[in-house]
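Enquirer: Sequence lines, in order, name chains A and B.
Per the numbering used here, the first sequence starts with residue 1, numbered consecutively.
Per the numbering used here, the second sequence starts with residue 1, numbered consecutively.
Honestly, the hints are just simulated from the structure, not real lab data.
Predicted model, so just to flag it, every value in this text is computed and none were measured.
You may find that some hints are simply not true.
[Claimed, not checked] Only pairs whose alpha carbons sit at most 25 Å apart, straight line, appear in this in silico SDA-like list of lysine to any residue:
id: 1; chain 1: B; residue 1: 107; chain 2: A; residue 2: 149
id: 2; chain 1: B; residue 1: 25; chain 2: B; residue 2: 134
id: 3; chain 1: A; residue 1: 50; chain 2: A; residue 2: 7
id: 4; chain 1: B; residue 1: 62; chain 2: B; residue 2: 120
id: 5; chain 1: A; residue 1: 151; chain 2: B; residue 2: 101
id: 6; chain 1: B; residue 1: 62; chain 2: A; residue 2: 145
id: 7; chain 1: A; residue 1: 103; chain 2: A; residue 2: 28
id: 8; chain 1: A; residue 1: 50; chain 2: B; residue 2: 15
id: 9; chain 1: B; residue 1: 99; chain 2: A; residue 2: 141
id: 10; chain 1: A; residue 1: 50; chain 2: A; residue 2: 1
id: 11; chain 1: A; residue 1: 103; chain 2: A; residue 2: 1
id: 12; chain 1: B; residue 1: 99; chain 2: A; residue 2: 103
id: 13; chain 1: B; residue 1: 62; chain 2: A; residue 2: 131
id: 14; chain 1: B; residue 1: 107; chain 2: A; residue 2: 34
id: 15; chain 1: B; residue 1: 25; chain 2: B; residue 2: 136
id: 16; chain 1: A; residue 1: 151; chain 2: B; residue 2: 102
id: 17; chain 1: B; residue 1: 107; chain 2: B; residue 2: 95
id: 18; chain 1: B; residue 1: 62; chain 2: A; residue 2: 143
id: 19; chain 1: A; residue 1: 151; chain 2: B; residue 2: 141
id: 20; chain 1: B; residue 1: 99; chain 2: A; residue 2: 84
id: 21; chain 1: A; residue 1: 151; chain 2: B; residue 2: 106
id: 22; chain 1: A; residue 1: 103; chain 2: A; residue 2: 149
id: 23; chain 1: B; residue 1: 62; chain 2: A; residue 2: 85
id: 24; chain 1: B; residue 1: 93; chain 2: B; residue 2: 109
id: 25; chain 1: B; residue 1: 62; chain 2: B; residue 2: 39
id: 26; chain 1: B; residue 1: 15; chain 2: B; residue 2: 141
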Amino acid sequence: MGIRSTHLPYDIQDCLYALVGQYVSATSPWTNWQAIRGWPESDILSAESKNYIYILDAQQAGTFGHQGGKSRNIWEVVIGFWVTRDKGGADEMAIWVGQMFDKFQNPQEIHTKQFTVTLGTTTYTNTTLTAMGIAIRDIRGPSSEMGENLKEFRREMILTLIA
Amino acid sequence: MMQTFVDTTKWKFKKRALEQILATKIPMLVNECSQEIMRATIQNLSGPQIKPGVTGAREIGKMPVPRRTGMLVHSVKNVSVGYGARMIYADEKVANYAKYVHNGTRKMRPRRFLGDVVRERRQAFENRWRYTLINAINKVGQ
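Same shape as in the complex, but just chain B (with noise of 0.2 Å):
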């Protein structure tokens, strides 16, 4: 049997062409963000650098972390977890003590290089989202 279908409304045609739009946007928006969470989580781990034994110095238990080994900003990793998803963390196997830095211990004051970056900028990265799709949208709709 053979079927003629007709899209007097462009429905179909819309549908589909959004999905591809948002196919690409996603992809690029989720990637711009996370790239820019990485550098300013660098940026935070870029303090001065500290000789190893050192003590007392005065940048110690600051931000911009200073460092001693650049492990800890070795240690950032942003990787895919799936379609529109990505991953960014201190990888424990490089540096074990990232999140002793990251969430203070009882002689030292936390130093959010992560959490911090992501609070920041959520709303902007939120407005960000909006008016990119939005405008996507609106193009397929044209």
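With the rest of the complex left out, here is chain A (with noise of 0.2 Å):
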């Protein structure tokens, strides 16, 4: 298990942003956008040319016991995307919303997904999630419209896991 018990939140978004990065680099039509990690301040924000998904930190929401054994956490975690009028608007959400239930809901593409990530001092090359001890139970959204602004949409999806 390639995730450190010392370090699981940080450890999980790392995972889940680096996974989000490989689809971002390569998979159409994620490649129209770019992975943030955690919450996007605005002068990030002004830097970015692509309408972004964000992945903000993970949270224990319960635990998954196993009788003699350590138990396991149940975590979610936010996922986000923010898109303006003049970049896809409402359309492009759409995109992004059935993209992900798409790759999230398939355990079989979620799970062999391969993808790069340095935890710690430790470079893990061409892992999965599997391989590093995190197992995808669902996903659930997207959250009503959330953007402050008419001119930009932004919506949240919580993707839920065992680690």
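With the hints as a guide, bring the two chains together.
Expert: What follows is the structure in structure tokens.
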């Protein structure tokens, strides 16, 4: 298992960021988007030329017990998408939502997709979520419209996973 | 025609007793959980007081959410929406900026004063419901 039990929330976020980063670097229509780790600050936003996907930190939502063994945790990670009207608006949002369901509701696809991630000082090359000790359980959403500006669209989905 | 019904298995009796006990336990559990969510939400919104007009204070943008007027705390409502259901929400008629604080904006990180409370306590609530109801059902069966 790659993720460190002492750094679980950060390592989970790192792995998901690396996974989404793999999609946005190679897979259409993900190549139209940019991945951001954590909350996108306004200075980062102004520097981005693409619509972006942000991956917030993992938060524990429960435990998953095994008799006689160390229990694993259920985590929730918010993944959001922020798009402006001139870069696709609601249509682009609908594509993103569809893509998220398509990828994250397909266990064979998401657990075998290879990505490279560095956790601490160790780099894992061409690893997978399964190899890192993360199992995607489900994805919910999208949330209702969250943008504060009429020319912007923002929605979030919640990823539930076991790690 | 007269009918005589003999409940040898006590099924009818137990069913009625179960209905009665669930009818009292479920609203009690809903009330307890909603009050706890309400209490924790208000705690999240009870940050340090910042005088109106002051900008650049250290507490701005942090949790617990700092207060200027206290309207956001007063906007949190806990209302019944039918049997065994309550709704907790920040009333936008009282504080129309509640969603911006909760969901974040371009210039401000989200501070999920309500969403985080539910996420943190969901499993504890589920456990409490499970044990309370199983105990109640077991008592009926004895």
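Enquirer: For each hint, tell me whether it holds in the structure or not.
Expert: Hint-by-hint comparison with the structure:
1. B:107 / A:149: holds, 12 Å
2. B:25 / B:134: With Cα atoms ~11 Å apart, residue 25 (chain B) and residue 134 (chain B) stay inside 25 Å; holds.
3. A:50 / A:7: violated, 31 Å
4. B:62 / B:120: holds, 18 Å
5. A:151 / B:101: Holds, at about 19 Å.
6. B:62 / A:145: holds, 23 Å
7. A:103 / A:28: Given pair residue 103 (chain A), residue 28 (chain A) holds - Cα atoms ~13 Å apart, limit 25 Å.
8. A:50 / B:15: violated, 61 Å
9. B:99 / A:141: Satisfied, since the Cα-Cα distance of roughly 17 Å is no more than 25 Å.
10. A:50 / A:1: violated, 34 Å
11. A:103 / A:1: holds, 22 Å
12. B:99 / A:103: violated, 29 Å
13. B:62 / A:131: Violated, at roughly 36 Å.
14. B:107 / A:34: holds, 19 Å
15. B:25 / B:136: Status holds; Cα separation ~8 Å.
16. A:151 / B:102: holds, 20 Å
17. B:107 / B:95: Within the cut-off at roughly 19 Å; holds.
18. B:62 / A:143: Holds - the C-alpha atoms of residue 143 (chain A) and residue 62 (chain B) are around 23 Å apart, at most 25 Å.
19. A:151 / B:141: violated, 60 Å
20. B:99 / A:84: Holds, at roughly 19 Å.
21. A:151 / B:106: The given pair, whose Cα atoms are some 13 Å apart, holds under the 25 Å limit.
22. A:103 / A:149: violated, 29 Å
23. B:62 / A:85: violated, 30 Å
24. B:93 / B:109: holds, 23 Å
25. B:62 / B:39: It holds: about 19 Å lies between the C-alpha atoms, which stays within 25 Å.
26. B:15 / B:141: holds, 10 Å
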